[in-house]
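This is what each chain is made of:
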Amino acid sequence: MMKNKNIDQLFQDKMEGLEVTPSPKVWSAIEGKLTKKKRRVLPYWWLSGGVAAVLLLGLFVLPSLNDNPIDINNTNTPIITSAPKENTTIKNDSNKQLLKLIPEEKTIIASKKPSDTDMAPKEKATPKETSWKNKVVVADNNTINIKKYNTPPTTEKNTEKEKSTKVVIEKPLEEKKKTIFSINPSDKMVIAEQKKDSVQKKNPFVSKKKDFIAFVNSKDSIKTNEKSLKKWSVSSVFAVLNSSSFSNASPISAELNSSPTKGANTFSYGAKVDYRLNNKWSIRTGAHLQEMSYLTQDVSITSGSARINSQAIDFGNSASAYHFSYSLVDIDNVMSNLVPISSLGATNIANGEIEQSFSYIEVPFEVKYHFNTGEKLKTGIVAGFSSLFLVNNTVEVVMDDSSVLGRANNLNSMNFSGNIGFDIDYSINKNWSLNLNPMFKSQFNTFSGNANGFRPYFIGVYSGVRYQF
Amino acid sequence: MNIKELIQKCCQQNLAAQSQVYQLFSGKLFGVCLKYSQNYQDAEDVLQDSFLTIFSKIDQYKDSGSFEGWMKRIVINTALQKYRKESPLKVVKEDVIEDRVEEVDFDATQLDLNFLLSLIQQLPDQYRLVFNLYVLDHYSHKEIAKMLQISEGTSKSNLSRARVLLKQKIEVHLQKHKGA
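Protein chains in written order, with my numbering: chain A, 1 to 469; chain B, 1 to 180.
Read the hints as simulated data drawn from the structure, not as lab findings. Check each hint, because a few of them may be wrong.
[As the list claims (entries may be wrong)] Below are the DMTMM-like pairs computed for lysine to aspartate or glutamate, each with C-alpha atoms no more than 20 angstroms apart in a straight line: (1) B:K167 <-> A:D8; (2) A:K33 <-> B:D45; (3) B:K72 <-> B:E143; (4) A:K430 <-> B:D137; (5) A:K38 <-> B:D59; (6) A:K36 <-> B:D45; (7) A:K25 <-> B:D42; (8) A:K25 <-> B:E44; (9) A:K33 <-> B:E44.
The shape of chain B in the complex, shown without the other chains (with noise of 0.2 angstroms):
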């Protein structure tokens, strides 16, 4: 059964057909719930939400474009939607930051995907949200601007702040690993 079936048997509600799309692309879309969550547990949540929002929304897809992007789409507009609520106006100082030295849980060999992982959802939602979408989705600061209700100079500055901060904890990392 070709995605084109399966899509117009969600607009029906067909349960084995909604099940089906979850199984086929419920790995990629978490990526990027957590990607854009603070923890696994927040992606969680927004993974659930996100496909009830696509399954209700499914008819309004019209073969407009990849499905896969679209769906991706819902995903971020979810993630946004539950971390620009909660802090669009808190100005993070960027001390308090740098005290924050994070015993980062992690195996040893493993400056990777993991570690990454973790680094970014560390990052406060502003920066975080602003990094995945120019970096990681490649949108630019015009759109971003437009869907977290920012400046563009907000934009660009939040990911140069964001970049920082991955930066020093990354070296903060391999330092304290080379030594042991």
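Bound conformation, chain A alone (with noise of 0.2 angstroms):
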């Protein structure tokens, strides 16, 4: 009968060190599900990258006030004291890259990233991995920091040798800075263009860095981890909006249909919460203040002193007859001006526009996907919906001045809106990135009635200023 003590002695003694050989398929299985997950990114980055090139273009037609100052500086650097005029490099992946950066006149920056075990095309870093390598920037003045130089090419890789290895130099630049776009992420260099007397100079300068760099072969920026740091952010928002409608009808009345109702464009801004749930995720809310306006135009105006009656007026080809049913606006005051064209003279008609304009305070509760990119550049997607809660609505019209007429009884006080759009940030540095959010977004339940058919949409480019924490 063996005892407690050697059953257990047993068992150590021979299961001590095991070490057995797993079949080849396990690694087979590992190797396949880490390279899919570098694959899948890229896809993903191409898409969203064209997809979002192709929606900056088209809506700089709408008038935007905000001015996206794409400073490309890597938000994984751990150090980049640029100068604030200065163009940054971008990074990019395991294969060998340099990129060169001159703006203007006399800062050159080079960037090399070391490639070290150079393994298949499988190896695609992805963008959300790897980061500035190796920026040196040399200049003109004396104020180089060449830490770097006192690095020895062996040193163990540490964060800290990341850090000397970011040099960058200040240097007064009168022009404006270029941004670059890194939107390929394998091997594409982005090359401006340098001024040759100013190069000719550093260039065996330059070339000695480069061979230097290439001694250093290891990775010097560690994949910072700061998706699962940051989980919170907020930001402000200014949004300009383009509304209109699904329908062409005219929400006032329906003998306005046939005039062209048009939205005007207008503004909103608020503020935006956003939290990160994982990787993929996050949610999001705000508040803002929304206004929109639509405009009814051709419309022949009238006044006088008798009182509406709700029949139609045919005016022929120039403008709509108008007029209010009863039920849709408050005729308290001016309105009570307006009446049908027959019971007067020529001599009272004027053309011009109706304009209704209502403003909500939106509560938007949004999901957002985002596509892994690189560190600067983030796109992703985002969907939900907005409560909207309406403070103000007015008609006017619009003549020489304006005069109000009244207000829409037939808006609801609170509805919702469903919303969709893609959401890019640059990041600026670690907490602080611009954000660009064009998003469409089609408002239900916005009349309570009589509204006929008139179902409102906007679209609007959402843009604003973002803390992460």
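From these two lone chains plus the hints, build me the complex, please.
What follows is the structure in structure tokens.
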């Protein structure tokens, strides 16, 4: 009969240092999953980059007050002490990259990512993983910080080393900074012009550095898991909206259906709070004050003292007849001056527009799916819905000067919209980024009735500055 | 290339580095998987999941102790997750076990590694986990209780039951082959 101790001992002795080689299929499975993860990112990156680019181009048509100074500073880089106007380089992947960016005159920025064990193409670095490597900026003046030179090539890699390899020199630049997009995650080099003279002086310098960099074969930047650190972010939001409707009907009166109703450009401003659930998803909410307005054009307006009746009048081809049915508008005031044309002389006719504006407080609830892209450019798709609370509504006649007709009484004081759009984030540094967020929002149950099928929607470009923590 | 460098490269998802880490450590870690799993197949699954976890969390390993120990911990946790979920409350009847006279398929000369390993694998999950953690990996009952979300008392009794079972099986086996 074996005692406890013996049993334990028996097993311990025999199983000590047990090593068994697993079958090769295990590694194949692991490898497959690892590369699948990497490969999957690229197509998304392309897709979102492409769509974002198209959207950006398209939306430049809308008046936008927010100029996105796309400053490409990599958030993952621990230290970039570049001058504010300076251009910065863009990293790239595990293959050798040399990015030279010379902002006008004097500053040369050389960045090279050392490649180490060069793997097969499978080993494409994901945008999310890599960042600045060995950024070196050499400038004309004496403010060169050459700590890097003192670092021996075979130093063990750690973050300190990474820091010391980032050398940025300040140089007063007159010119505006250029912005660089690095869209291609693999092997695309962005090279700006160099002024020959300033370069020549430095060429030996720069090439020396290049060789030096080539020695350093470690990865200097450590993948910073910034995503796990930064869950919250708040941003201010300012947007330009263009309102429109799915149908051509007029929300004011059925008789105005044939008048072109167009949405005017309006503004929205507010703040947004974002909570990051994990690498791919985050949820957000916020509050905006949103103004919308619709113009009904080509409206003939008369003044007079007769009361309105509810018959439509046909003016012919110049303008549509209008009238306001009693149920739509409060006719307490000036409205009562509007009368059917037939009861007046022609001299009382004027052409104008009717502008309906209303403002909401919008509280959006949205979910964002992140495409994992680079450190500087993050894109995502956003969908959700908003609650809208009506705060203001007026209907005005716009002729030589506006006069208020009244307010629409068929607007619901609370309604909803469904939202979908894209979100683009440019990181300025670790915590701050600029945000551009074109959205399409379609409103539901805006009107309680008598809206003649007017279904408003609006497209807005929301932009803002975001702070992450 | 030393371990530190390898780890750094793994942080950057360098496939070559990851492959090397696998080559270096998969033998030992697979041994751990086999101990904790019910069978070879499961052990392979555990190994695969463990390495995927290792590679995805490798940036959290910051020189804090032995790398192999860190990986082993991940393997054990992966295995625990697998089996802990499945039978936390299962009460295994002792008589049922005793009726199972296993025909252990092994070479007559080997009261050895393979046999013992198979004995362990055949233990009911809760017994096996506790036995491994206590006897082979030297965790305390307190730690085991935490990891398996059981009481210390349960841990101790599972351990003694595991020993009983193992003893019985070995005796049966030795007797069977004494006569052969």
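Hint-by-hint comparison with the structure:
1. B:K167 <-> A:D8: Holds, at roughly 10 angstroms.
2. A:K33 <-> B:D45: holds (13 angstroms)
3. B:K72 <-> B:E143: Since the Cα atoms of K72 (chain B) and E143 (chain B) sit roughly 16 angstroms apart, the hinted pair holds (cutoff 20 angstroms).
4. A:K430 <-> B:D137: violated (42 angstroms)
5. A:K38 <-> B:D59: holds (17 angstroms)
6. A:K36 <-> B:D45: holds (18 angstroms)
7. A:K25 <-> B:D42: holds (14 angstroms)
8. A:K25 <-> B:E44: Holds, at roughly 9 angstroms.
9. A:K33 <-> B:E44: Distance ~15 angstroms between K33 (chain A) and E44 (chain B) Cα, so the pair holds.
Hint 4 from the earlier list is the only one contradicted by this structure; the remaining hints agree with it.
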